[in-house]
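Reassemble the complex: the two chains are provided individually, in unrelated frames, and hints are given to aid placement.
Sequence order for the protein chains is A and B. Numbering-wise, the first sequence is residues 1 to 283 according to this note's numbering. Numbering-wise, the second sequence is residues 1 to 315 according to this note's numbering.
Do not rely on the hints blindly, as some may be mistaken.
[Claimed, not checked] In the DSSO-like style, the derived pairs of lysine-lysine whose C-alpha atoms are separated by at most 30 Å in a straight line are:
hint, chain 1, residue 1, chain 2, residue 2
1, A, Lys42, B, Lys214
2, A, Lys42, A, Lys72
3, B, Lys214, A, Lys72
4, B, Lys214, B, Lys142
[To be verified] Between beta-carbon pairs, the in silico distance windows are:
hint, chain 1, residue 1, chain 2, residue 2, range
5, B, Gly288, A, Gly75, 49 to 59 Å
6, A, Arg150, B, Thr294, 51 to 61 Å
7, B, Thr307, A, Ala62, 46 to 56 Å
[Said to hold, decoys possible] These stretches of chain B come out as covered by chain A in the derived footprint (C-beta under 8 Å, 3 or more residues):
hint, segment
8, 38-50
9, 60-70
10, 123-136
11, 274-280
Hints are computed from structural coordinates only; laboratory data are not their basis. None of these values were measured; they are calculated from a predicted model. Note that CB positions come from ideal geometry on N, CA and C, so glycine has one too.
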Amino acid sequence: MPQNLDVALVERVPLDGPYTTLTFRHPVVARDARPGQFVMIKAGLSADPPLRRPFSILATDAAAGTFSIFLKAVGSESRALAAMETGELAQCLGPLGRPFAPPPLGTEALMVAGGYGIAPFLMLSRDLMGAGGAGRVFYGGRTASDLHLRQPFDALGVPLVPATEDRSLGHPGRVTEPLERYLDSARGPAQLYACGPDAMLHAVARIAEARGLPCQVSLDPWMGCGVGTCLGCVVWTQRAEEPRARYRCACTEGPVFDASIVVWPGETGSSARRGARKGVERT
Amino acid sequence: MNPAAAAAQSLAVEIAGVRLKNPLIAASGTFGYGVEYEGILDLSLLGGLVSKGLFLEPRDGCPTPRIVETPAGLLNAIGLQGVGVRAFVRDVLPRLGRYDTALFVNVCGDTVEEYGEVARILDGAPRVAGLEINISCPNVEKGGMLFGGDPRMTADVVRAVRRATRLPVIPKLSPNVADIALFARVCEENGADAVSCINTLLGLAIDVERRRPKLAFGTGGLSGPAIRPIAVRMTWQAARAVRIPVLGIGGISTATDALEFLIAGARAVQIGTANFVDPGVYERILAGLRDYLTRHGLTDVGQVVGTLEYPGGRG
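Extracted from the complex, chain B is given alone in its bound form (with noise of 0.2 Å):
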């Protein structure tokens, strides 16, 4: 491609009054606080990154083993192990502030109000662009699923923390539920910007030796490859059951991957998974996103969001 044409391309998206410089952001729970890759990669390349779970306090998380490889997937229990929201605002953003990206937290509760503390604390904190809210960890014993699998409680907890912030807020939807279209709509009656879709579908994997889980925790929840087609279909459904952007995730680690959930409706993207495997990823993928805008004759990744031509306009 001559550099002519690269110039006039824009990978460029904005998410609820967000402007991301291309639509990749790096999942939570796969890029650690986002200084564990200072020397690995470059952060600015990143359209945006969501922190690791954050509780108000300092939490251990699961026993071990805490990850397990399946078919073309990663199942986990690490149990949101993580240093507390006020050691994040005093230690990790001074450090994250040299960065040309787009910081979103992703904000955990063990009770409504818990989720509306740790919002408050944000809601101060230099260069946080938004708030992802995780009511879908499969892997604590409260809060986490219970609030997103639960209608009521999902609306519960996001007017809680919308209520406690000025701060673009994005619930992260669990894909454990029968109709995610409707916890989308509950989202976006209740206040939420954006909704992340999907977290991991909770699974098990047992030793049959030993006649036991695994994980230590049980039951994880599965990512990677394997729950791609699960996730496009999902999110497909999101973005056309509500008007607020939908941030496709689920086992992107190609261009080829990224597109689909844009077509399918996403305004934007986050890897996950791929991340463990090649912190080279994010080149991969913008300079795949490129290509394919060349192929196309397009000049705005914006163009590809929602093009689906579904068969039949069924669905």
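Bound-form chain A, shown alone (with noise of 0.2 Å):
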């Protein structure tokens, strides 16, 4: 069960451009957390802006008790939690949200991350590698100054792949590029995984539904509360056997999603539901 506390900052390590990665004493989400989920957070009890802010937790002790968020301070708020003190309190409710289901033995992990989308992803490398399984990262950004935490994926023996739009690192040009290379000339089966912008979510989802792969993806729409009231966060979704579309909250049923069950911008139906009309007319 989630739990709600006054969480103090253990540690703060500001990174290039407006990226932090901050620690904070929460033994339930140390205990408990998945690969995939999330805290709702805010620093300190200011009015403005109102609402906590959805992050992904990036890693968990939980024999220290403590977990971390990466985070990119574009707003108020995220520049708030940025700029606090170690030993100050923000207030933090979580685990929220449903993880990431592991692939199955001897089924390779893609995870494909755009820009702070990497976060989720560093506890999923490190559960697979704990279990013997195989990974790799394609992580795309800008620039070089939005890629980091290449470090401890290096620790954990996973091969991450960079992509940068203006060619400062890696792959020059899209992440989806050095994806859909490594998938023409992969011999075993893989699974993708995403979390990033929207558009390099749908891009990731349609790669995956051309090849039949399985994907997930993580999905960060504006959220409020984080525990399904407010129904602010909700995703456009249809399965197979489901006759119409519905919204489905991200907070409670996401953040992470069967990708063939969004509806995404622009598109009819899911392709679940494609897929179910294809094997209608076929029989």
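Here is the structure:
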């Protein structure tokens, strides 16, 4: 069960650009969090802005009773978090949401991250490697200073393929290009995981559909409460067996969704539904 | 505070014949159906809770984006997404039965007849303490604020629900009117047992780069600390206009905020947007209310209700 606590900042590590990692003491998150889950967190009690912010859980240390988040300071709340001093308290509720489902044994996990979407893949990689699995990260950003946390993936022995749109690091261009090239040459079964901007998630979902690969996406819509009451973060979805699409809360039925049930902007139905219809036509 | 003093204090209030162990009620639309908070907070801490608005049938609600923050406020256009009253009675009510808190259900309708029909279904349902009538949602094409913005339509809806149920009937007033006292009186005259005051204020936030509303629906309802002075003023006006209890709502997140409404004349208060911000808000406010009673030598929270000393008897 998630727990609502005032949590002390234990460590703050500023990184290049607007990025910071923050470590807080929260024994329940530290003990129970699964890869892909998140916390709702807010620095102090200021009513402006009023709401907490969702952050993927980057790492946990059950023995120390701590967890970490990776944040990009873009608005007033994330800037307030990034400016916290160690020992100061934040309000935190977690762990929340549906985690990633691990790949079946012998299936390679291909993790596609855009910008701060790298966060949930460190825990997923840790669990994968701990279970004797295999994984690979494709990490895209606008420029080299958007790509952080490469060292911890190295330490886990998970290969990481950077891509930058301004050609400053790794593959010059979009992160989906090295992903497709890798899939063209890969032999074994693979499962895709994606976290990042919506356009990137949609592109990865299309690649998965075209190749018949399972794919889980972690969505990041505006979120009010984190527990399914405000209904602000809903996502339009349709399972194969559902006659019509319906809204599902990203906070409680996600943030991780099977990509095939998401009805992406500009599409009329989900790929799960298209697959089901094809199945009907064949019989 | 010593335990004997705490034991001698009473936070209990009575609204429309319903006894609440304390004056804090979770506001409709900010607390789901209550069950979402199971395991996160003890629902038995609450004096009561009001469900998300329910129509006869399930509703998808508005397209996204549905929420946007504004200075000290939250602008929303959720559009009353919900499971429908029958699914609520069948699936949700049995789960809420184990909690020692008063359950109010927020009743919606596209037509006067639908309000009555939803109320009839709830009349026979177990554990329902009362019905709050939603005549003030700004985010639906039909019903909602259209009913609450017209005294004659307000009267029609209140009468229809009154005829359909023996449960206490509590219309939720719209702040988007010139004279809220008039609407409070219309509700009282047509059989309401209390009024909730207020729903959200109609607002519009614009993305200047795209020159489009930030919310997909267009306009939205503003809530949160930004609206509190307006809500306190309207609660004060409504409480002076009617004899039935007023439930104050609008931007409450601390005991001080709640006390403003009680002093203005509210018999109880509803906590809305603060539920999203901090599930621990009830414990904090209850501790603050007890502390206030102690500091002021009071034994009963009812002793602060309507005690505003307004300068010169104006207003």
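Now the hints, each set against the structure:
1. A:Lys42 <-> B:Lys214: The hint holds at about 23 Å.
2. A:Lys42 <-> A:Lys72: holds (14 Å)
3. B:Lys214 <-> A:Lys72: holds (22 Å)
4. B:Lys214 <-> B:Lys142: Holds: Lys214 (chain B) and Lys142 (chain B) sit about 22 Å apart, inside 30 Å.
5. B:Gly288 <-> A:Gly75: 49 to 59 Å: Check failed, 30 Å falls outside 49 to 59 Å.
6. A:Arg150 <-> B:Thr294: 51 to 61 Å: holds (57 Å)
7. B:Thr307 <-> A:Ala62: 46 to 56 Å: This hint holds: roughly 52 Å between Cβ atoms.
8. 38-50: holds (count 3)
9. 60-70: Check passed, 8 qualifying residues.
10. 123-136: violated (count 0)
11. 274-280: holds (count 6)
Violation of the numbered hints given earlier is confined to hints 5, 10; the remaining hints are satisfied by the structure.
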